[in-house]
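Colleague: Listed here are the chains, written in short residue letters.
2 protein chains.
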Amino acid sequence: MHENSATQTAAAWLGAFAKALETKDVGAATDLFLDDCYWRDLLAFTWNIKTLEGRASIHDMLVAALDSARPTGWRLTGEATSEDGLVEAWFSFETAAGRGEGCLRLRNGKCRTLFTALSDLKGFEEKAGTSRPIGVRHKADRARRTWSEERRREEDGLGRTHQPYCVVIGGGQGGIALGARLKQLGVPAIVLEKNARAGDSWRNRYRSLVLHDPVWYDHLPYIPFPDHWPVFTPKDKMGDWLEMYARVMELNYWTSSTCTKASYDANEKLWTVEVYRAGETVVLKPQHLVFATGAYGPPKMIPLPGADNFSGEILHSSQYTDGRRFGGKKVAVIGAASSGHDVSVDLWESGAEVTMIQRSPTTVVKSDTLMELAFEIYSEAAFARGTTTQKADMLVASTPFALMPEGQKKLYDHIRKRDAAFYERLASAGFALDFGEDETGLMMKAYRTGSGYYIDVGASELIIDGEIKVRSGVSIKSLTPRGILFDDGSELAADAIVCCTGYQSMHETVAQLVSRAVADKVGPCWGLGSGVRGDPGPWQGDPRNMWKPTAQEALWFHGGNLALSRFYSKYVALQIKARMEGTPTPVYGAPSNAV
Amino acid sequence: MHENSATQTAAAWLGAFAKALETKDVGAATDLFLDDCYWRDLLAFTWNIKTLEGRASIHDMLVAALDSARPTGWRLTGEATSEDGLVEAWFSFETAAGRGEGCLRLRNGKCRTLFTALSDLKGFEEKAGTSRPIGVRHKADRARRTWSEERRREEDGLGRTHQPYCVVIGGGQGGIALGARLKQLGVPAIVLEKNARAGDSWRNRYRSLVLHDPVWYDHLPYIPFPDHWPVFTPKDKMGDWLEMYARVMELNYWTSSTCTKASYDANEKLWTVEVYRAGETVVLKPQHLVFATGAYGPPKMIPLPGADNFSGEILHSSQYTDGRRFGGKKVAVIGAASSGHDVSVDLWESGAEVTMIQRSPTTVVKSDTLMELAFEIYSEAAFARGTTTQKADMLVASTPFALMPEGQKKLYDHIRKRDAAFYERLASAGFALDFGEDETGLMMKAYRTGSGYYIDVGASELIIDGEIKVRSGVSIKSLTPRGILFDDGSELAADAIVCCTGYQSMHETVAQLVSRAVADKVGPCWGLGSGVRGDPGPWQGDPRNMWKPTAQEALWFHGGNLALSRFYSKYVALQIKARMEGTPTPVYGAPSNAV
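Line by line, the protein sequences are chains V and B. Remember, the numbering used here sits 895 above the position in the first sequence when you count from 1. Remember, the numbering used here sits 895 above the position in the second sequence when you count from 1.
One or more hints might be untrue.
Remember, identical chains collapse to one label, so a pair may be satisfied in a single copy or spanning two.
As the list claims (entries may be wrong) - In silico lysine-lysine, PhoX-like type, Cα no more than 25 Å apart, as pairs: (1) K1034 x K1312; (2) K1364 x K1034; (3) K1416 x K919; (4) K1224 x K1034; (5) K1261 x K1034.
Hint data in this document are derived by calculation from the structure and do not stem from the laboratory.
Taking the hints into account, I'd like the entire structure generated from these sequences.
Modeller: The following block contains the structure:
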């Protein structure tokens, strides 16, 4: 074979690694790593979403997990590449329970980062392509149940005559993506959606909302958007796609169904989930419960002293759907991150007089700039050279969170130079800009705090032009009957106030539905423990609680933007399927927030 | 370049052909063809679906069409292949109006068959991939109309404040595929569906119906079925897919809307189409009218003397949806083609006592056999080697109908041997089998008469076992109060009769909605003019009236099975788009049935 030298290097390393693991020589295995090394594993070794950092951590994990993982069959799946002395190669392997794929990055012949991810469970592979179901037995059958009769039987019976193995609370993109993965793995599941129709989580948003992420980043699993789909999807079009998806993927999707209560019986290993549906309470008894209520938990309101005296309307951004009743009115928007900007534009388009109250600096990036520089692997050009959405997802997942800031800082240094004129004009308008405490920009903010950034799709120009006014770096002292009093003594007249003040952590939803005790045991979701304001340590390595076992048995969190919902839905579903089939799933690593 | 000798041969031929056309040397061009040659053109040269047969025909067409087509840019699009002395190569080219693709097959250096097909109209290319719409202008805009507001505006206004360019009568797979193509080409169109929901054309079929064609053959344009879709799609699942497709493809799809009348004003060049919708009559004024009411026209009933005396129920197969009321009853099924078999099985599964009355022999092929031998280019294996559905479609279209029987005869000689035991048992049960008048089997029957065949998905076994009785080669003399009297004097007791006696030609729908005169001017649809019973000459070369200009200006027919609906929808849409844009479309060749 016509191998390049990078491939030879990668093959040699992989061969040595395979041999060390086969002979259970943990020392030899860890010797193959640099001192400053990382191994990110999705389920294959750890049955967790876990990043081991440093050789000692890798050593400990192998000692604990090697016997049960029993990895074999390591082989490169293509040519390696080499850039700036870093050799990168993709490979496949097997474990006792399944098959996996991964990526190795070497420097000077030793491993800098290793990425391993479970792809399938042996014996429980998804049926697609050559193994797709036939659909019918070509045989006359007096006992035939047609597809529609089977579907109706399943829909009528599930939750009534037989219980689902898993219940997913939340029927937005997260619940839908997970529902689809569970369906394809044959896990009986019900997705609970409080709204009347699948897709309403998008339809109910404010009028002008369009996705800020480009289409190649947003595909759902199994059925990608067609080639003529717009780059940026309008909210209602997204709603329609989700609605048809839930239907043609044959999800057991309960609309107008709200979970009111859930409790876990640790002896029975069963959840009791109360659902308010069509005027009555239905009780479901799944073995697993997934919270997929959105990247964010319940709305967060800030204290507004004197709110009782305020004569106008006060609403949270989650309640804001239509700006038309604010035409000609003065509206104060508290908050200058994504929601604050979007709501301000929508209000301005409705003819309101808008003032944005900015309490802390925001990282702003122009949409075109982000698309070109940050989303390159999710693009038409990338697809043309063979980087499918699936490959791009794996590429992203193969980079440990600890190493992200370095690359992001370079990116944002570049962005700041490139759009310097834009940033100067924005700052001149009184807007407080930053690029994160350590200058690592928007994506790190998203993972660390989920807040404090805006992908500019039009608001910044209005701010620059003074069409949207900004009061920056002020604190609100109290509300007056007709407006807002700031701590510097100045006042702002306001007929209405929209609080774009964010959301609580998703675990507060657990507090509402399960109990405070369980919510506290599980702890907050998201964040990396980077130490920046809003993301206190200790360092987590991966987002808290997301897509992996939590401190509460059989309680899971799924969610994130469309890309994260798509990618990690696979791993949540595999973990649940493995448990359903009795596959041993020894979890390595303590759950998030463990005391 | 590392070309094989077949490629060299093909390139040499193509170069000579290009030169002859460029220099308008029609003689030199036709000299490049064998005496027994064929050129099948979809729009590019003829603005028609037309097969020229023999050098004289090709000569005449070039004389007429070369000046307006002005073809250039001929180049091979891959390596040529060679099998049994036949060199095959694919190529692309341009015309004055558009871009095209095609296939050449050479024997001894001269052309046996040439296939050319228009792919795009210059300046009116579909917007997809790198040219997909952005979806939003990243700019605050007080005059913004959101996507959903634009859609609603279009839906409310089309047919009311502004007229569609095209109306499609029929919202099944044909109307839907065509609607999607027209949408992607920017042709304002309304699809009229008489049923309450998109997909009802499938849902309303009898309970046990499953598609007889495998999934790779059935994809709709733009959004293929996902990889886990079953090989054979149950009717209700197909209905759901069509329903979501019409929605996410943003078709202007009017449900519960029946066309009652249509007339053409040749001066205004406008149709007046009356539509009964939601209790009122709406008048549409499109420039083009497409009949997509199904591969078949109105139901065909056979005369049944004494029907008034018959005490039981008589229904046509199109009215048959549920067999359960016939449980325990004696039912006579008249007809032994697809419907006759399917209805018989459904009745048997419902517990009826079924006798199939077979008036003429049927071509039966086992589903597995057909899948393996006849559908090979539409399969997982084909896809794996790069034969996408699109490529398979082009491959099929590149074979002139005149040459199909030869290959089909070989195929059916093989099938008869392979399943000899099966056919013997079927014949022993009294079933009358044939393989077509010239032994060319099922597919030729489909194109020639649309009848007389059955893809066995279970009925034959019941016939063999005597579970479904067969009376073969008999004629019905009359009905009696309790059954059927045959011309040989025998009687059959029957509580009900289902006439699976086929359908009239689609042009009878034109007679119902437009006028007898126009229907007669246009003439029947389908059939090849092969001269076999049911398909009288003269030889047509391509199916009558389908997908091309008819004898009635601005009246079109679209339809066929899912594969034909998918493939030819593109060419119908291109013809309509070209007319909308004022592109010259000089049609070469008389319309079908021209006097």
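Colleague: Evaluate K1034 and K1312 at a C-alpha cut-off of 25 Å and name the case that applies: within, between, both or neither.
Modeller: between (69 Å within a copy, 22 Å between copies)
Colleague: Should K1416 paired with K919 be assigned to within, between, both, or neither, using CA atoms and 25 Å as the limit?
Modeller: Neither. Shortest intra-copy (36 Å) and inter-copy (84 Å) distances fail the 25 Å Cα cut-off.
Colleague: Using 25 Å as the alpha-carbon threshold, which applies to K1224 and K1034: within, between, both, or neither?
Modeller: between (70 Å within a copy, 22 Å between copies)
Colleague: If the cut is 25 Å between Cα atoms, do K1364 and K1034 qualify within a copy, between copies, both or neither?
Modeller: between (72 Å within a copy, 17 Å between copies)
Colleague: Between copies, within a copy, both or neither: which fits K1261 and K1034 at Cα up to 25 Å?
Modeller: between (60 Å within a copy, 11 Å between copies)
When each numbered hint is compared with the structure, a violation occurs for hint 3 only.
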